[in-house]
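Peer 1: Okay, here's what each chain looks like letter by letter:
2 protein chains.
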Amino acid sequence: MGLTVGPKAYLISVGNELLIGKVVNTNLAWLGRKLTDLGYRVEGGLIVPDEPDLIAWAFSTAVDRGARVVVSTGGLGPTFDDMTVEGLAKAMGVELELNDDALKVIKEKYRGDLTESRVKMAKLPKGAKPIYNPVGTAPGVEVEWKGAHLFLLPGVPAEMEAIFESYVEPKLRKLEPLKCRSEALLKVSGVPESLAAPVIKEALKLSEKVYVKSHPKGSELGVPVLELHVTAFDDERERAATLVTTVVQFLERKLNNLGARVQRIG
Amino acid sequence: MGLTVGPKAYLISVGNELLIGKVVNTNLAWLGRKLTDLGYRVEGGLIVPDEPDLIAWAFSTAVDRGARVVVSTGGLGPTFDDMTVEGLAKAMGVELELNDDALKVIKEKYRGDLTESRVKMAKLPKGAKPIYNPVGTAPGVEVEWKGAHLFLLPGVPAEMEAIFESYVEPKLRKLEPLKCRSEALLKVSGVPESLAAPVIKEALKLSEKVYVKSHPKGSELGVPVLELHVTAFDDERERAATLVTTVVQFLERKLNNLGARVQRIG
Numbered sequence: 306m307g308l309t310v311g312p313k314a315y316l317i318s319v320g321n322e323l324l325i326g327k328v329v330n331t332n333l334a335w336l337g338r339k340l341t342d343l344g345y346r347v348e349g350g351l352i353v354p355d356e357p358d359l360i361a362w363a364f365s366t367a368v369d370r371g372a373r374v375v376v377s378t379g380g381l382g383p384t385f386d387d388m389t390v391e392g393l394a395k396a397m398g399v400e401l402e403l404n405d406d407a408l409k410v411i412k413e414k415y416r417g418d419l420t421e422s423r424v425k426m427a428k429l430p431k432g433a434k435p436i437y438n439p440v441g442t443a444p445g446v447e448v449e450w451k452g453a454h455l456f457l458l459p460g461v462p463a464e465m466e467a468i469f470e471s472y473v474e475p476k477l478r479k480l481e482p483l484k485c486r487s488e489a490l491l492k493v494s495g496v497p498e499s500l501a502a503p504v505i506k507e508a509l510k511l512s513e514k515v516y517v518k519s520h521p522k523g524s525e526l527g528v529p530v531l532e533l534h535v536t537a538f539d540d541e542r543e544r545a546a547t548l549v550t551t552v553v554q555f556l557e558r559k560l561n562n563l564g565a566r567v568q569r570i571g
Numbered sequence: 306m307g308l309t310v311g312p313k314a315y316l317i318s319v320g321n322e323l324l325i326g327k328v329v330n331t332n333l334a335w336l337g338r339k340l341t342d343l344g345y346r347v348e349g350g351l352i353v354p355d356e357p358d359l360i361a362w363a364f365s366t367a368v369d370r371g372a373r374v375v376v377s378t379g380g381l382g383p384t385f386d387d388m389t390v391e392g393l394a395k396a397m398g399v400e401l402e403l404n405d406d407a408l409k410v411i412k413e414k415y416r417g418d419l420t421e422s423r424v425k426m427a428k429l430p431k432g433a434k435p436i437y438n439p440v441g442t443a444p445g446v447e448v449e450w451k452g453a454h455l456f457l458l459p460g461v462p463a464e465m466e467a468i469f470e471s472y473v474e475p476k477l478r479k480l481e482p483l484k485c486r487s488e489a490l491l492k493v494s495g496v497p498e499s500l501a502a503p504v505i506k507e508a509l510k511l512s513e514k515v516y517v518k519s520h521p522k523g524s525e526l527g528v529p530v531l532e533l534h535v536t537a538f539d540d541e542r543e544r545a546a547t548l549v550t551t552v553v554q555f556l557e558r559k560l561n562n563l564g565a566r567v568q569r570i571g
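Sequences listed follow chains U and X, in order. Each number in the numbering used here comes from the position in the first sequence (counting from 1) with 305 added on. Each number in the numbering used here comes from the position in the second sequence (counting from 1) with 305 added on.
In short, the hints are calculated from the structure, not lab data. Certain hints may be false.
Since the list can't tell identical chains apart, any single copy or any two copies may satisfy a pair.
[Unchecked claim] Below, in silico cross-link-like pairs of lysine-lysine (PhoX-like), each with a Cα-Cα straight-line distance of 25 Å or less:
1) Lys428 with Lys506
2) Lys395 with Lys434
3) Lys313 with Lys327
4) Lys518 with Lys395
5) Lys434 with Lys412
6) Lys476 with Lys428
7) Lys559 with Lys313
8) Lys327 with Lys522
9) Lys395 with Lys313
10) Lys425 with Lys518
11) Lys518 with Lys428
12) Lys313 with Lys492
13) Lys425 with Lys506
14) Lys506 with Lys434
Isolated chain U (complex conformation):
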């Protein structure tokens, strides 16, 4: 149940309906699973109302906390309280400007019947690009800001999922190649967790690409039992496996020295 050790991602959900409890936030779970599978560490989720200042705060916070990727959902439609793009422009300190590509697509969708609220969907923060929405009308938005890749998607699940799968996912695969994961599960008997903890800490220093999670499993025949879950990520499967082996051997040696018995059980 651990997070991956990949680059940081933050999720932002925009919408009063989520905060007053009218709608359950399934989008966040869906995106969390997708980004985790793509090798990202989804470090936080921010849920904010349809208010530009709070939306701006959410984007600034995610980026300032080191997110490499930020995906937002909601607030992209034509109505008055769709304010995600305005909030992002505010955070970035740039103007909204009419994007010709976005306008062209919207014009086609509405067969030329443009109203002010429809044109609104073609106004993007300076420097941003529209993402084609294969299901609905509001385009998604893509922009880079302070080294982070931001993707703004609509809140309607079918539209959000379609844009993610058709555009964002392939893009993220190119951006940050899918990390290969390798793992091992160790059963450690005979040392309490408090003694194993410093060894685990040392093991984590062997590589930033390795994560060791400790799960106390009570005691057997009077001796404490721990499970250690070792995970490594790398661009190449073989290197990930080598990292796991290195860390497992380190843990075995150090824990044996403390009098523990270490078995690889997975």
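Model the placement of chain X on the given structure of chain U, informed by the hints.
Peer 2: Chain X alone, transformed into the frame defined by chain U:
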């Protein structure tokens, strides 16, 4: 679909399982509805992993942003990665200490069979109080910090709901008496939203207890149509109703001056 204008509340959800998309966050929606009904403005939700530093960040952020009430869910159990209490203590800069009341309850629940991980559930930040859990074993936690009331609840929905309804809700009713809500819906024809907006802004200045939300409804017979939703909160129903009347009359007069037709439709 507007937020209320009451005191600010923030929700914090702790758990890797939410961020990797293994679990959909129904707790946040349930609490959002409850707090909204109690007259709070639920201004934000923060979802963080089972990591003390990030949990600490979430509590600090909620309180620094002016929350009067913060409710967290998750991370209160006996296992190694239940870290909400540790994270809160870190944020507050206080030590964890064994709470006698909490220990007594846990001892009773386990019929005296205390283990280290069970005792862990009785360790609270200095100054905090346990809240009885009528369904499970991990007690809730209550503490005041920088003028905010913090309630830490377990992540298991049945336990979270039971503690909220038996303890937190009555407490919040005493703390912040249930605001009475009064509302009106106006149909405004003949002015575009861009002209109505400054009038709405002026109307909002009449009282901090009033909220006006504008919904553009397209056009009828060639003239633009808006709906204005006026909501007021007060401790007394009559005063809330009077506030709404005052604001509605103000809007009618000002919008009539701009050539609009205003009908009360709800």
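Peer 1: As a check of your reading, is Lys395 near Lys313 (CA-CA no more than 25 Å) within one copy, between copies, both or neither?
Peer 2: both (23 Å within a copy, 23 Å between copies)
Peer 1: Classify it for me, Lys518 with Lys395: is the Cα-Cα distance of at most 25 Å met within a copy, between copies, both or neither?
Peer 2: For Lys518 and Lys395, the Cα distance is within 25 Å only across copies (21 Å; inside one copy 40 Å).
Peer 1: One pair to classify: Lys518 and Lys428, alpha carbons no more than 25 Å apart. Within, between, both, or neither?
Peer 2: between (46 Å within a copy, 22 Å between copies)
Peer 1: Give the relationship of Lys434 and Lys412 under a CA distance limit of 25 Å: within one copy only, between copies only, both, or neither.
Peer 2: within (17 Å within a copy, 60 Å between copies)
Peer 1: If the cutoff is 25 Å on CA atoms, where do Lys425 and Lys518 land: within, between, both or neither? Let me know, please.
Peer 2: This pair counts as between: shortest inter-copy Cα distance 19 Å, intra-copy 48 Å.
Peer 1: Within a copy, between copies, both or neither: which one fits Lys395 and Lys434 at a CA-CA cutoff of 25 Å?
Peer 2: within (17 Å within a copy, 41 Å between copies)
Peer 1: Should Lys428 paired with Lys506 be assigned to within, between, both, or neither, using CA atoms and 25 Å as the limit?
Peer 2: between (49 Å within a copy, 24 Å between copies)
Peer 1: Within, between, both or neither: how does the pair Lys425, Lys506 come out at a Cα-Cα threshold of 25 Å?
Peer 2: between (52 Å within a copy, 21 Å between copies)
Peer 1: Should Lys327 paired with Lys522 be assigned to within, between, both, or neither, using CA atoms and 25 Å as the limit?
Peer 2: between (39 Å within a copy, 22 Å between copies)
Peer 1: First find the shortest C-alpha distance between Lys476 and Lys428 inside one copy, then the shortest across copies, and answer within, between, both or neither for a cut-off of 25 Å.
Peer 2: within (23 Å within a copy, 46 Å between copies)
Peer 1: Check Lys506 against Lys434 for me: Cα-Cα at most 25 Å, and say if that holds within a copy, between copies, both or neither.
Peer 2: Neither: 43 Å inside a chain and 32 Å across chains, both beyond 25 Å.
Peer 1: Measure nothing new, just compare the shortest in-copy and cross-copy C-alpha distances for Lys559 and Lys313 to 25 Å and report within, between, both or neither.
Peer 2: Intra 31 Å, inter 50 Å, cutoff 25 Å: neither.
Of the numbered hints stated above, those contradicted by the structure are hints 7, 12, 14, listed in ascending order.
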